[in-house]
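Once you've looked at the hints, dock chain B against the given chain A.
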Amino acid sequence: MTEPVAQETTEADETGAQVEARLEKLERDLSRKTREVRIIQAIASELNALDLDAILEAILRSMDEVFGFRHAMVLLADEEAGVLRVAASHGYSEPGIGATVRIGQGVVGVVASRRKLMRVGNLAIQVGYASAVRARTVASNQGDGLGDVVRMPGLPNAQSQVAIPLVVKDVLVGVFSVESERASVFDERDEQLIGIIASQAASAIHNARLYRSAEERRRALDVANEQLRSLNETLEDKVHERTLELARTQARLVQSEKMASLAGLVAGIAHEMNTPLGAMTSTQVTLKRALARLDDLLREESPEIHARHSPLVARVTAGMDVLTYATERVADIVRRLRSFARLDEAQRKIVSVHEGLDDTLGVLARQLEGATIVRSYGDVPPIACSPASLNQVFLNVIQNAREALPPSGGTITVTTSADEQRVLVVIEDDGRGIAPEDLPRVFDPGFTTKGVGVGAGLGLATCYAILRDHGGDITLEPLARGTRALIHLPLGTGST
Amino acid sequence: MTVMTEELKPAMQGYIPAVLATCSKDGEPNATIVSQVVWVDDEHVALSFQFFNKTIRNVRENPYASVLITHPSTLECWSLDLRYDHSETEGPLFDAMDMQLQAIASMTGMADVFKLKASDVYFVEAVTHRGRYFEPLPEGGS
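So the protein lines, in turn, are chains A and B.
Position one of the first sequence corresponds to residue 1 (my numbering), numbered consecutively onward.
Position one of the second sequence corresponds to residue 1001 (my numbering), numbered consecutively onward.
Bound-form chain A, shown alone (with noise of 0.2 Å):
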């Protein structure tokens, strides 16, 4: 039953045969080589892309195409979290993108950690026997201590498996790896093979990765500068509107101590007025009735010196009419200059927009004059407000609207309208308008188109400080021939 099946054999031995048999072989092997050599070649060329995904399909199709490696998976080493990532598998049911393997941990895991080539030709079988004598060990109640099964992504059953790491300038890359389910199927010249294209891949995979990684870095970037430069813009955004927050805020103090100093004149003259107004009036009415008893004394004692002298005397009440009529003008005046300083009120009360504007036009009445003025008054109810703010915010826009007109001729319309919320006046010109460029800035405090010296620009800065403490706001629209300025006011109490 036994015998020797041991050799032993020398060159000398060999036969004609032999050596003819010897030949063959070795031209069938060159034959291979150069195949194998060309094939690389093709590989290789394909290999150098920067396109990861591409790289990978490359690498796995001709793992397939050409060398019959069906079922192949390249995984991508994250050594930061300590695992393998599977980027790519051709020839899989399920092709397990994603699925991780903990470095160190099976048979891609170990030669990620050992970095070193893997082959084995009885994978299942070595599991199997593993599988049994922990079946066992825990049965004997002794598996404690007994680290969990892992189930790797691949082939449920491989039997035969090369796995070599993709290793560049001593990082890591990943992991590839061919299966098969029959036993002992891949040789020493397959793993060469596999080991070239690998370390071709490995290259080729890192330098994809860089590229990649590179590109959401410039993306990141791009993304950072994008918003650093919106930031840019919003900071100077506020930058701009605190500084004219600012400059409305002063221009609203120099206006109020100006309409305080204008107040105080104001009142000084409308005082010191007042008297000799008083005396002219009271002076008028009994000179009137001392002039109309003269006139009866004359007509009763001499009918014919009354005759004589009457039309002197018709003279005289003509113009004691002329001087009563100025008297009252003038105690016109002062009333009105009085009411639209608001000397004699409280800061806040609740007055009518409509007496405003209409003090507003009494107190611009010789420079409105030439122009006409329109007034379409709505069903507006009193509004609590800064009576004194209020009309300095009607006379510079009514101002405005004035300056805008030619010397004599053009019209200045006042509207107001009420809803349930608010009040809006709007007071619209036809003169010369707003170019459209400077629409802008018109409420910028120093913003003015009247030329140096004779507008400081604060007149509508003012009004809009004045209107927003109102809780209200202005706005200006260019129209076809003129401008239109709407002023909304909250009814109410207002914001302070």
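Among the hints, a few may not be true.
Claimed, not checked - DSSO-like, lysine-lysine: derived pairs with alpha carbons at most 27 Å apart:
{"hint": "1", "chain 1": "B", "residue 1": "1115", "chain 2": "A", "residue 2": "116"}
{"hint": "2", "chain 1": "A", "residue 1": "33", "chain 2": "A", "residue 2": "116"}
{"hint": "3", "chain 1": "A", "residue 1": "116", "chain 2": "A", "residue 2": "169"}
{"hint": "4", "chain 1": "B", "residue 1": "1025", "chain 2": "B", "residue 2": "1117"}
{"hint": "5", "chain 1": "A", "residue 1": "33", "chain 2": "B", "residue 2": "1009"}
{"hint": "6", "chain 1": "A", "residue 1": "116", "chain 2": "B", "residue 2": "1009"}
{"hint": "7", "chain 1": "B", "residue 1": "1054", "chain 2": "B", "residue 2": "1117"}
{"hint": "8", "chain 1": "A", "residue 1": "25", "chain 2": "B", "residue 2": "1009"}
{"hint": "9", "chain 1": "A", "residue 1": "116", "chain 2": "B", "residue 2": "1054"}
{"hint": "10", "chain 1": "B", "residue 1": "1054", "chain 2": "B", "residue 2": "1025"}
{"hint": "11", "chain 1": "B", "residue 1": "1115", "chain 2": "B", "residue 2": "1009"}
{"hint": "12", "chain 1": "B", "residue 1": "1115", "chain 2": "B", "residue 2": "1054"}
{"hint": "13", "chain 1": "B", "residue 1": "1117", "chain 2": "B", "residue 2": "1009"}
These aren't lab readings, by the way, just hints derived from the structure by calculation.
Coordinates of chain B only, in the frame set by chain A:
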């Protein structure tokens, strides 16, 4: 010079466990099952040394051993007369055996149990064909 032929390789794939016989210096025999006999070259095989058991003790005392391997398809058997040569705790052979063991152990939760202490390398002094101890199942059988 004795060399092992390629036809023995399938019998070393571990499909069918091998039977290893050793003997103490006092002449007491011991037989055990080994999951795999590793082909090193055509004159040497290696066995894993994981636990200091009776086999290891015997081999360290008496270097001669015999292992019976079986071809998984034909069920042909061969016995290899072995002489313990040396142990390797590093190098390509040890790394290959250690990596394989670690891979299998980590998949089955046995990493703390299966640890390779050394790769014991044996010189193959003789190879003897033993024929079949079992008949293959008829085709289609189970």
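For a quick check of understanding: which of the numbered hints are violated here, in increasing order? When the structure is compared with the hints, only number 9 turns out to be violated.
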